[in-house]
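J.: Fit chain B to the supplied structure of chain A, relying on the hints for placement.
Which chain is which? The protein sequence lines are A and B, in order. Going by the numbering used here, the first sequence runs without a break in its numbering and finishes at 111. Going by the numbering used here, the second sequence runs without a break in its numbering and finishes at 227.
Hints are computed from structural coordinates only; laboratory data are not their basis. Source: prediction; values computed, not measured. The reader is advised that the hints may include incorrect statements.
As the list claims (entries may be wrong) - Derived contacts from chain B toward chain A, CB cut-off under 8 Å, selection only: (1) Thr143; (2) Ser154; (3) Leu155; (4) Leu157; (5) Ile204; (6) Ser208; (7) Tyr214; (8) Glu215; (9) Gly219; (10) Pro220; (11) Gly221.
As the list claims (entries may be wrong) - List time: in silico BS3-like cross-link candidates among lysine-lysine, alpha-carbon distance up to 27 Å: (12) B:Lys175 with A:Lys2; (13) B:Lys177 with B:Lys166; (14) B:Lys175 with B:Lys152; (15) A:Lys42 with A:Lys98; (16) B:Lys131 with A:Lys98; (17) B:Lys131 with A:Lys42; (18) A:Lys67 with A:Lys98; (19) A:Lys42 with B:Lys177; (20) A:Lys2 with B:Lys152; (21) A:Lys42 with B:Lys175; (22) B:Lys177 with B:Lys125; (23) B:Lys152 with A:Lys42; (24) A:Lys56 with A:Lys42; (25) A:Lys98 with B:Lys177; (26) A:Lys56 with A:Lys70; (27) B:Lys177 with B:Lys152; (28) B:Lys131 with B:Lys152; (29) B:Lys166 with A:Lys98; (30) B:Lys166 with B:Lys131; (31) B:Lys131 with B:Lys177; (32) A:Lys42 with B:Lys125; (33) B:Lys175 with B:Lys131; (34) A:Lys70 with B:Lys152; (35) A:Lys98 with B:Lys152; (36) A:Lys98 with B:Lys175; (37) B:Lys125 with B:Lys175; (38) A:Lys2 with A:Lys67; (39) A:Lys70 with A:Lys2; (40) A:Lys56 with A:Lys98.
Ideal Cβ placement from N, Cα and C applies to all residues, glycine included.
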Amino acid sequence: QKEVEQDPGPLSVPEGAIVSLNCTYSNSAFQYFMWYRQYSRKGPELLMYTYSSGNKEDGRFTAQVDKSSKYISLFIRDSQPSDSATYLCAMNTFGNEKLTFGTGTRLTIIP
Amino acid sequence: GAVVSQHPSRVICKSGTSVKIECRSLDFQATTMFWYRQFPKQSLMLMATSNEGSKATYEQGVEKDKFLINHASLTLSTLTVTSAHPEDSSFYICSASLAGGLYEQYFGPGTRLTVT
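Same shape as in the complex, but just chain A:
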């Protein structure tokens, strides 16, 4: 079993829809959780970062962490074609700078 599981998609939704991207993990020591967006042939861009259970909002993006269920989510409201990208979840343990990545979910927003 992988430490971090992420549905690879592809996921296609119409413009304006709410998108839900999810990751589950097995290592209860993970404390820091990140979401990255990666456009084709570009490096990943840090979107959201959180270290506690609950919700964190930034514009159209909301990151949700449920440590009891070992489940994290990224919600995108009012999705736009420019949101079309691969989304990677990542996490690490306290004192460890190395990240453990999900496999990434390819998202396409259809105009």
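T.: Frame of chain A, contents of chain B only:
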């Protein structure tokens, strides 16, 4: 803030030659830099972790004599692919961890290496 650059963005080289890729943190000091490799439609594969002024730590299966990493300062790390072969063709991405931060990594735009 937290911008990481890579140079070159794309390079084509002949088999047997060496190629150097630079990674710079432009507006912050990075205690740790990371080098990843990414194949098409796959996730990132960590190759090595480098700390300024010390030897890099390589992941299992990564040849340290082939992929030379130098971390000369808090803003610069280099990856040299020595005696490159076509199977080394890939997308190489560096990242930097913010000194005093909470372990988040900021990625460069990547370097596409093609070995002919």
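J.: Taking the hints in turn, state whether each one holds.
T.: Structure-based check of all given hints:
{"no.": "1", "hint": "Thr143", "in the structure": "5 Å, holds"}
{"no.": "2", "hint": "Ser154", "in the structure": "5 Å, holds"}
{"no.": "3", "hint": "Leu155", "in the structure": "6 Å, holds"}
{"no.": "4", "hint": "Leu157", "in the structure": "7 Å, holds"}
{"no.": "5", "hint": "Ile204", "in the structure": "5 Å, holds"}
{"no.": "6", "hint": "Ser208", "in the structure": "5 Å, holds"}
{"no.": "7", "hint": "Tyr214", "in the structure": "5 Å, holds"}
{"no.": "8", "hint": "Glu215", "in the structure": "5 Å, holds"}
{"no.": "9", "hint": "Gly219", "in the structure": "5 Å, holds"}
{"no.": "10", "hint": "Pro220", "in the structure": "5 Å, holds"}
{"no.": "11", "hint": "Gly221", "in the structure": "5 Å, holds"}
{"no.": "12", "hint": "B:Lys175 with A:Lys2", "in the structure": "26 Å, holds"}
{"no.": "13", "hint": "B:Lys177 with B:Lys166", "in the structure": "15 Å, holds"}
{"no.": "14", "hint": "B:Lys175 with B:Lys152", "in the structure": "25 Å, holds"}
{"no.": "15", "hint": "A:Lys42 with A:Lys98", "in the structure": "20 Å, holds"}
{"no.": "16", "hint": "B:Lys131 with A:Lys98", "in the structure": "23 Å, holds"}
{"no.": "17", "hint": "B:Lys131 with A:Lys42", "in the structure": "19 Å, holds"}
{"no.": "18", "hint": "A:Lys67 with A:Lys98", "in the structure": "20 Å, holds"}
{"no.": "19", "hint": "A:Lys42 with B:Lys177", "in the structure": "24 Å, holds"}
{"no.": "20", "hint": "A:Lys2 with B:Lys152", "in the structure": "18 Å, holds"}
{"no.": "21", "hint": "A:Lys42 with B:Lys175", "in the structure": "25 Å, holds"}
{"no.": "22", "hint": "B:Lys177 with B:Lys125", "in the structure": "16 Å, holds"}
{"no.": "23", "hint": "B:Lys152 with A:Lys42", "in the structure": "12 Å, holds"}
{"no.": "24", "hint": "A:Lys56 with A:Lys42", "in the structure": "26 Å, holds"}
{"no.": "25", "hint": "A:Lys98 with B:Lys177", "in the structure": "22 Å, holds"}
{"no.": "26", "hint": "A:Lys56 with A:Lys70", "in the structure": "17 Å, holds"}
{"no.": "27", "hint": "B:Lys177 with B:Lys152", "in the structure": "25 Å, holds"}
{"no.": "28", "hint": "B:Lys131 with B:Lys152", "in the structure": "25 Å, holds"}
{"no.": "29", "hint": "B:Lys166 with A:Lys98", "in the structure": "16 Å, holds"}
{"no.": "30", "hint": "B:Lys166 with B:Lys131", "in the structure": "17 Å, holds"}
{"no.": "31", "hint": "B:Lys131 with B:Lys177", "in the structure": "12 Å, holds"}
{"no.": "32", "hint": "A:Lys42 with B:Lys125", "in the structure": "24 Å, holds"}
{"no.": "33", "hint": "B:Lys175 with B:Lys131", "in the structure": "14 Å, holds"}
{"no.": "34", "hint": "A:Lys70 with B:Lys152", "in the structure": "26 Å, holds"}
{"no.": "35", "hint": "A:Lys98 with B:Lys152", "in the structure": "22 Å, holds"}
{"no.": "36", "hint": "A:Lys98 with B:Lys175", "in the structure": "18 Å, holds"}
{"no.": "37", "hint": "B:Lys125 with B:Lys175", "in the structure": "21 Å, holds"}
{"no.": "38", "hint": "A:Lys2 with A:Lys67", "in the structure": "17 Å, holds"}
{"no.": "39", "hint": "A:Lys70 with A:Lys2", "in the structure": "13 Å, holds"}
{"no.": "40", "hint": "A:Lys56 with A:Lys98", "in the structure": "23 Å, holds"}
Of the hints listed earlier, there is not a single one the structure fails to meet.
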